[in-house]
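Going down the list, the sequences are from chains A, B and C.
The letter at position 102 of the first sequence is residue 102 when you use the numbering used here, and the numbering goes up by one with no holes.
The letter at position 94 of the second sequence is residue 94 when you use the numbering used here, and the numbering goes up by one with no holes.
The letter at position 112 of the third sequence is residue 112 when you use the numbering used here, and the numbering goes up by one with no holes.
Rather than coming from a laboratory, the hints here were simulated on the basis of the structure.
Heads up, the beta-carbon is just placed ideally off N, CA and C, and yes, glycines get one too.
It is possible that some hints are incorrect.
Said to hold, decoys possible - One side only, chain C facing chain B, incomplete, derived with CB under 8 Å:
id	residue
1	21
2	22
3	104
4	107
5	113
6	115
7	150
8	154
9	175
10	220
11	239
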Amino acid sequence: MRESRLWFWHILSAVVILVLLGVHMGTMHLGELLHRIGIGTGDPVDSSQVFERSRQAVYMVTYILLLGTGLFHGMYGLRSMFFELSLSKSLEKTIGGVLAVAGVGLFLYGSYVAVVVFQTSGV
Amino acid sequence: MQQRLKNRLGLWGWLGGGRYGLDRYAYSLHRLTGLGILAYFIMHIFVTGQRVGGPENWDSTMAAFGSPLFKVGEFLVVLAFAFHAINGIRLILVELGWLIGKPGVPSFPYSYSTLRHKPVFIIFMVFAAALMIIGGVDFYFVMK
Amino acid sequence: MNKSETRDKAILKTVKFEVLRYNPAGNESPHLENYSVPVTKGMTVLDGLNWIKEHLDSTLSWRSSCRMGICGSCGMFINGLPRLACNNQIVHLHSDRVVIKPLPNYDIIRDLVPDLEGLFEKHRSVKPHLIRKDTAEQDSPTGEFFQSEQELLNYIQFAYCIKCGLCMAACPTVATSEEYIGPQPLTAGWRYLSDTRDEGAEQRQDVLYSSHGVYRCHFAGACSQVCPKGVDPALAIQMAKRDAFMKGFGRGKKRSGSSVIPPIQDWTPRGDIPDAPAKTVPQKSE
Ligand code: HEM
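So here's chain A without its partners, still in its complex pose (with noise of 0.2 Å):
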């Protein structure tokens, strides 16, 4: 059933970002905890340190992964409330079209932008 395959997604989606998102959230907002306690490497905001990061293939594959999670949960969670207000049939169904094209144009926005830093920043 449908309901129940985008269900699946949504919860291994959850696992999936728990992962990234934990590792990026420790080395973005523990940055300054983690530095004072000797182990940061100093702002990761800094453009040295972005582009840096950019640099390497590995944060690209990342980055775009977590980007796509991030949105599929996001948005199956945002269409999961709309389902829960009685809307008619036809709304609901232009909602998660609506949703679900945002979510697309979103992830090819994000995935644009982490190529084309990689490969002008790149060697």
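With chain A's structure known, arrange chains B and C with the ligand on it following the hints.
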């Protein structure tokens, strides 16, 4: 046909935990934080997209978002994330049937899923609180 | 001492009942009306309402029948929680105010009478009965459908439901969604889906796992908290989700309806079972 009076609670049902249990409050918070993170995430995709314009463009973008107001906003996202992530692990386990016990023959006083689950629930919330505190310490250093 | 004096002695306290009144034929808008009710030992909220009807206001309406937690008629929103009026003693509410409103999430017919038709409709939609491919056997059985004790224990809790509808009043998804199947019907659906004698999975699954089925539950747990029979709808719904999730890995439980076993032929009754008492009403054929 006599007139029926509509009595659905509406959105208040999503947000008002009332006299129900802790799980009901966690449910409301999970919704709110999920929506908040999603809104931030979409913004985040566009903001970090500024990398395409090269290091100068990136630095000016970061400067634009460097005000304390945005730092506080970001910190709120960290808190929301801490709750959503830890509570999310709990929900994954629970919705797949773990940590809530097995069905049996009901006998008074009744034992039921959320009641059996309560100790686990509290442990998870302690973890979430710990994560928020660690995030708070980092935020303190950043603001100083 | 005469009768009324005994009664006065037994009065523990006087409690203020605030009851929601709504009359579809009148032109008053819904409002709370106050009544002072003398409370005696063991008096339930339902007794209190009866007392009001008898002594103060005969127009007050609600639905009740068995007054012992079996029929599921007297579900009301009492001091902030959906409960059965007959199942709760007034002194156990630990309050001098008893605020009674009709169950939320149902249309109000009048005063405390909710319209439960939507609940029953959804309940019917999950086909809450055993479905067998061999209907001839089901209609005129030659034996019994085999089921082990453990197989029975897997669902018997969910069969205790009395359809009082308290869970639907507590559910946050039902609060906004008219289409959500809801805790009671989903539990009934899972009760049959997990019954080893049943062969109707294909027909039931489309409803249970639809876009308004089990996935619109987010484990707020209120349904299980308020259930007066300990049925635990939240547990049934998570078990239904787990089953479908495991099928995503190709690991779901494969079921085929249990076999028919012939009745046991050579049995002797246990010696300690007493005979049935003599009939007190003459039988037609005798
Ligand atoms: C850290 C990893 C995460 C985990 C473990 C996680 C877990 C979950 C789970 C299990 C649910 C389902 C709740 C339910 O149906 O009862 C959920 C819902 C949701 N999540 Fe996440 N999530 C994570 C990250 C995110 C992110 C990054 C976003 C934003 C893009 C997000 C947005 C949402 C939304 C909008 C919902 C729907 C909430 C609802 O229907 O009540 N989550 N999450």
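>> Flag every earlier hint the structure violates by its number, smallest first.
In response: 1, 5 and 7
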